[in-house]
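> Numbering-wise (our numbering), the sequence shown opens with residue 340 and increments by one.
Simulated from the structure, these hints should not be mistaken for laboratory data. Hints are supplied without guarantee of correctness; some may be wrong.
Label-pair distances were calculated between CB atoms; the ranges are [as the list claims (entries may be wrong)]:
(1) Ala652 - Thr861: 33 to 41 Å
(2) Lys413 - Glu696: 51 to 59 Å
(3) Asp752 - Ala652: 16 to 24 Å
(4) Thr423 - Lys649: 57 to 65 Å
(5) Asn972 - Lys997: 26 to 34 Å
(6) Thr1236 - Gly1276: 14 to 22 Å
(7) Thr941 - Thr1102: 46 to 54 Å
(8) Thr949 - Lys649: 49 to 57 Å
(9) Thr1236 - Gly449: 41 to 49 Å
In silico DSS-like pairs for lysine-lysine, Cα to Cα no more than 25 Å straight-line [unchecked claim]:
(10) Lys760 - Lys822
(11) Lys1198 - Lys1255
(12) Lys1266 - Lys1221
(13) Lys1189 - Lys1204
(14) Lys1090 - Lys1160
(15) Lys432 - Lys869
(16) Lys432 - Lys1229
(17) Lys469 - Lys395
(18) Lys1116 - Lys1133
(19) Lys1198 - Lys1252
(20) Lys1129 - Lys1160
(21) Lys376 - Lys469
(22) Lys1075 - Lys1125
(23) Lys428 - Lys376
(24) Lys1133 - Lys1091
(25) Lys1198 - Lys413
(26) Lys1229 - Lys1266
(27) Lys1091 - Lys1107
Treat the numbers as computed from the prediction; the structure is a model and nothing was measured. Note that beta-carbon positions come from the ideal geometry of N, C-alpha and C, so glycine has one too.
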Amino acid sequence: MKKSRVLAVVMAVLMMVTLLPSMVFATAVPSGTLDGKLKVKGTLAIGSTLSADYSKVKPEGITDDNVSFSWSLKDGDLLTEVGTDKTYKIDEKDLGLPIVLKITGKEETGVSGELTVTTQEVSETEEEAKALAEKKKEEAKAAGEDPDAEESEASAASESSENTPDTEAGTSEEPDSAQPEETIEPAEETESADVQENTDVQENTDAQEPADTQEPAENSVIEVNGEQSGPQNTDEADTSGDSQTETPDSADTAADASEKNEEPTYSASAYTEDGSGILDFGSVEEGYTEIPEAQMVTIKNNGTGDLNFKEIAPENFMAADINDAPLKSGESVTVWVKPREGLKAGEYKDLITYQTEEGADVFFEADFTVKEPENKKAEDNENNEQTDPGETSDPAAEKIYKLTADPTELPFDDLTAGYEKVETTSTVTIKNEGTEAVTLVQPESEFFDIAPVSEVESSGNIQLAQGGEQTFTVQPKLGLSAKDDPYVEELVFASDESTEASATVTASVMVKTETPKTVTATVKPEGPLKFGTLEQGYETAPDAQPVTVENTGTEAIRIQLSAPEDYEVGEPSAEVLNPGDKAATFTVQPKTGLQVGDHSDTISVTDQNTGNTLAEVRLEFTVSEPEPEPEPNPGLSVTDSLEFGTKEEGYKELPDAKKVTVTNTGNTKIVLKQPSSNAYTIGTLSATELEAGDNATFSVQPVSGLSQGEYLEDIVIANDANVEAYVNVHFSVTKKKTDNGKKANNLTGIKKPSDIKDLPNGTQKTQKALKLPGTVKITTTKGEQKASVKWDVKGSSYDPSSAERQIFNVKGTVILPEGVKNPNKISTVIAVSITVNGYQGTEAAASDNKITGIDSNGKYDTNTKITFTAAGAGMDNTNPRKGDTRYQPKSWKITETRTWDGEPYTATFRVSKPGKYTLKVTFGQQKYDGSSWKDTGTQSESTVTFTVSQAAVLTATPSPAVTQTNQKSAVQTGDSTPIMTFVIILIVAVVCIGGILVYRRKKK
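Can you build the whole structure from these sequences, using the hints too?
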């Protein structure tokens, strides 16, 4: 019996094992034809990124891997494809146009068919997109449609989209069959958790205040998420000791603040040497030359953060600056203060204020009296006595009560609703200009805090002697709410002695509505970073270029940069940018070793806190094919000419040898041959093989024993490149004089050579190329004869590289033959005018403009994507000269005109409506001005006509194999567990159980 139980337990375990395949979670592989409603996720505003939403697409389980994508702009009947990726980022060119997303099932994944959705028009900002979506919703209501359905769909789409708080704002959807447009409304924004937390903290802080309290502790600070809240200045300042702007927080409040947030607090206090809070420099007579000694004030940092003090320049006093270094928490610094020289008679009670960049200001009073000289007082008394002689004044009638205020108006800077601190504190001085002392009554204000800087107390009131002054600080109270008009209040400083003795000060402040929080940034330069073009195989990358990022919003941003594959991007100089901070900088540089092609890319500047893309930097860099070896262009230059003068027949002393230099001015190697001459001795070439830029020399000297004659010769330097090269040499041998009584041979004139005209542009700057003659005719007393000329070609103004028409003169010096005298001093300098024609330029023909990629009279259907290229005549001219022309593609049109900003001049479009269309491309003529191409205003148009027919509609019939009633094969679940093993175990278990039952029956 025990064995039977054990066996039964074993069998039960085996049966449970066989049931495991049914428990395995398996995801069904989507299969079938696309159906249902396709949606687009994202905000239809410039800069937003769109993606597909399959929440209502069948079969269920569709992902990006099961379909291909086509993003197009819809302009009337024209569809222009702009992307085939899973996502599409909206560009400025899309503004005002709907976007069409078409997905096509990948049959290799088991999905077929296609779905299309058309969105509403693209807006410039997210707010405009939401407004347009709301408008379309209202239009749908007016038309009797059901906007609630669309709203619910929008809500569902919003919930299915992750990390997109404003999903579906201004998008639409449509099924492929009918393609109706439907707008998806933006999901309502919910109040952030941070705001709720801040509110809770504030409420808790308020709740902790006792019900029966006095005025709050001076300058108490409550830290809520790192921001200061609570009163910043009390109604009355304690002047019995030191004067200060902010005092340390109370122990309880400081403890609470430190627990909630570790943000630094900023406050400071000032201590005078006598502890009164007032620097009293006494009195001097007007015209004083000795300034009272400086008095010292100690300023202490009572907060937890460093204080950076600004420069100080009081009007009537001099004070030391605190700008050597920040004042650390708990540290003190001592500064000197003294009156300025040359002050006029009067009482000076100045409020010396040290301001910090953090807003924690500290101030104290400095008093100084300048009296009138005694002689001036005597004169004034004498004048007074002479004015009313013999009159007796009534003491009661002479009592005058008069108070004045300076200034009488206190306008404050605008505040923003919810402010927790007032940065500026104004002061007003009340002066007793009467004849009697008065008891000053401080006004009470509904909107402003008023406190005396220093006071003389008498039974709790402020006593002002005759001529005395009292300074008060005034600032708006905390908690004033925003409103359209400013808070204006008249502050009346009165006296107990007389109702007539009062001074009025008008204080005003505007509280504005809080500015919405924005997270934005800009980058500079605004245009693309252009790194130019380098040949493949370059070893040195272009110089790195800097990019600056500036926070233009109201919130701090944490910079994150994308890393393009072909560029090195440096770390930004600052990771976090607060509003108003100095811009952060990073550098960008192309990598070395890139292959041939266009390596344009984009760097996205993203805020890590929100994940939003703040700005983009466009990068442009091209790697070109290596320049082909230049075609051989041999060239040689030779010394212009050699002149050896004149010798008499039978000469024994030879003229000195002269050197000739031959330079290879071409781009290929040239082999020279040794020159020779009968009348001259030619030295051996210093080199016969000349690489480009090399030179060789040889010497030339007339031979001895030459008979009478002119030895004018071109010595040719032959070479394997057959480049014409020679040097013109001249030597004259005269007949030996035998009869001194013969008639003298004197120069009577020189015949000027003819002007040289119409030489081709680019003629070389040599005597031979410019066709200058080697000799000219001269006339003497014995008749005509020839004389050689030495031309100064190099000294002329001719520029062979210029494309302009040039007219210039070349001067030459005539060398008189032996025996010809010039007793009349006739000038032997002559000049020839030469004209070289200008470069006419290569004229590109408009008939050579082409449109490729689309057939003339071609036939296409509505599913065909057509890509064409515009090829302008002369656009392949890579080495233009001044005057060359070309035709640049400017725009193309089918139903609407679209333009090109630059290469490549290619576009892709698809037409959704059958019909006959004409593609028109406009080309603009440009002319090269020597430095760049300029538009001439001439245009040419090329057209291609084509026909679009309706594409065949394919209806996919579901296979019977996938229906529940006719299914003959196993459902594919994605689970690869072998089922046969478990089937065998199940059979064995059943057989065992049956055997046990039979055994037990037999035993009974």
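> Would you list, in rising numerical order, the hints stated earlier that this structure does not obey?
As far as the earlier hints go, only 8 is violated by this structure.
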